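Those sequence lines, one after another, are chains L and R.
Quick note on our numbering: the first sequence kicks off at 1317 and runs consecutively.
Quick note on our numbering: the second sequence kicks off at 1317 and runs consecutively.
The hints are simulated quantities; they were obtained by calculation from the structure and are not laboratory data.
Honestly, I wouldn't trust all of these hints.
No more than 30 Å apart at the CA atoms, straight line, and that leaves these computed lysine-lysine pairs for DSS-like [stated by the list, open to error]:
1) L:Lys1478 x R:Lys1380
2) L:Lys1474 x L:Lys1363
3) L:Lys1380 x R:Lys1380
4) R:Lys1457 x L:Lys1478
A few chain R positions that, by computed beta-carbon distances, are all more than 10 Å from chain L [unchecked claim]:
5) Asp1342
6) Asn1419
7) Ser1426
8) Asp1454
9) Ser1501
10) Lys1510
11) Lys1529
Because the structure is a prediction, the values reported are computed rather than measured.
Note that beta-carbon positions come from the ideal geometry of N, C-alpha and C, so glycine has one too.
Protein chains: 2
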Amino acid sequence: MKTKMKKEKVVVILSGGMDSTTLLYDIMSKGYDVYALSFNYNQKHKKELDLAKLTCEKLNVPHKIADLSLLNDIAPSALTRDDWKVPEGHYADENMKQTVVPNRNMVMLSLATSYAIGIGATELYYGAHAGDHDIYPDCRKEFIDSMKQSISLCDWSKIELKAPYWILDKGDIVIRGKELNVDYSLTWTCYVGKEKACGKCGSCVERLEAFEKASKYFQLNFKDPIEYEGN
Amino acid sequence: MKTKMKKEKVVVILSGGMDSTTLLYDIMSKGYDVYALSFNYNQKHKKELDLAKLTCEKLNVPHKIADLSLLNDIAPSALTRDDWKVPEGHYADENMKQTVVPNRNMVMLSLATSYAIGIGATELYYGAHAGDHDIYPDCRKEFIDSMKQSISLCDWSKIELKAPYWILDKGDIVIRGKELNVDYSLTWTCYVGKEKACGKCGSCVERLEAFEKASKYFQLNFKDPIEYEGN
C-alpha cells in the first residue's frame, strides 16, 4: 500500500458494509492517520458491526463503536423494530421506504463530527454513493452539500465532510475495492439479520448486482465471498 | 392564552432553561399542537430536566426526554465530565470555551428532526438567541441558516427549523416571557449542578443580567424566583 506520508487525522464512518469498508481501504492507502467510527443503533443486520471490528483489526485502525440505540426510541423503523418485518424486493420499490430510519445520516454525521472535533481530526469521510439517491432523501447531492456547509460552520476548528464515492454506484465501488484488495468476506449488506445473507432483500440484490458489474469490468468471475441462504 | 386554532404539529427543543421554556410558552400561545423534546446528556445541571418535565405537566404538553449520554462518550467536555471543573466568570471569557460540547447543537437538532419526522411534525423550534453567538460557533446565524437548509433536505416530508429568538438577547427573552406569564421558578440555568444556583458561573451571571434588563424595561423589580447560594 503506497503512502503519501500525510499525517492529517481523519475520521471514516464505517458501517461494515461494502461502501464504507472500501472507503476505509481507500483512505488508508493515502497515508492519513485514520480513525474509524461505527454506530450501533440496534440494527437487525448487527453482524456488520462485528465485521467492521475485524476489518479495523486487520488494517490496524483505531475503531470506536458508538451506541446509538436512542435512535430506535426516538424514531422507529423496520430496520430497528423487532415487530416490523423487513420487506423483500428491490431497493427502488415503494415498500423499501419503511427501511428509512428518519434522518439517520444527519444524526450519524453530526455525532461523527463531534467525535472528529474531539480527537482533532480535520476531515470526515463517509461512503454515500450514487445508488442510494432515489429512495433516501438524505443521500442526495443537495443534502450532502448542505451538510458540508453546516459541518464547516459548527466549530471554530476546520472540519471538512468528504463523500468521494458520491458519483460511484455500488458496482464501481467493488471495482475500486478490487484494485485496493478489499477483503469483502469481512463486509455485510443483508438487512434481514440471519446467519447467512438472504439474497432477496433490496440490499442483497444490489450487492449481487455490484459483483456482477465488477466481474464484467475485469472480465473474470469476481464472486461475492460471503455465504447466501439456499446456496 | 389566545389560540389561532392552527393544528399543525410542531416540536420544541426544551432544555429547561429560560430561553427554550419561554419559547415553549410562546409557541403554545399560538395554538399549535406542541410536542416538547429534551436531551439528557449527563449534564451536571440535570435539574433543568426535572424542571422541563414540571413545565410540560403544567402546560399539558407531551414531553419526551431522550438519553444522549453517548455524547459524553463520543466527545467529552467540562459540562459532562465529573473530573473537569466548570469555570467561573462571564460567558465571554476564554475559559468558558471548555463548556462547549463539540457540535452539540447539530446533534440535538438532527435527533429532534428524526423525532419530528417520526411523529409527523412540520416545524422544529429551538431557542438559539443573540447572547450565544460569540462563544458558541453553532449558535451563529450562518450555522442556523445552513442547518435550516440541511433539515429541509433530509426527508421527503417538509420539516422547517425555526429559531425565532435569534435576534433577542436573554433580557429581551425575559421581557417576552413576562408578557407570556412564564413561570421562571421552573427553569434552571446554573452550570455547576448544586442544589441552589451558584450565582457566579457564566450562565448565572447572564441570567441575573437578563432579569435586571427586564426589570428596567417594565420599571418594576422583576426578581428571579429561583434560589441562589449565599442569599
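For each hint, the structure was consulted:
1. L:Lys1478 x R:Lys1380: violated (34 Å)
2. L:Lys1474 x L:Lys1363: Given that 30 Å is the threshold and the Cα spacing comes to 34 Å, the pair is violated.
3. L:Lys1380 x R:Lys1380: holds (28 Å)
4. R:Lys1457 x L:Lys1478: Distance ~24 Å between Lys1457 (chain R) and Lys1478 (chain L) Cα, so the pair holds.
5. Asp1342: holds (24 Å)
6. Asn1419: At roughly 4 Å from the nearest Cβ of chain L, Asn1419 (chain R) sits no farther out than 10 Å, so the non-interface label is violated.
7. Ser1426: violated (4 Å)
8. Asp1454: Non-interface label fails for Asp1454 (chain R): nearest chain L Cβ at 5 Å, not farther than 10 Å.
9. Ser1501: Fine: 30 Å to the nearest Cβ keeps Ser1501 (chain R) off the interface.
10. Lys1510: holds (27 Å)
11. Lys1529: The assertion about Lys1529 (chain R) holds, with a minimum of 28 Å to chain L.
Consistency with the previously given hints fails for numbers 1, 2, 6, 7 and 8, ordered from lowest to highest.
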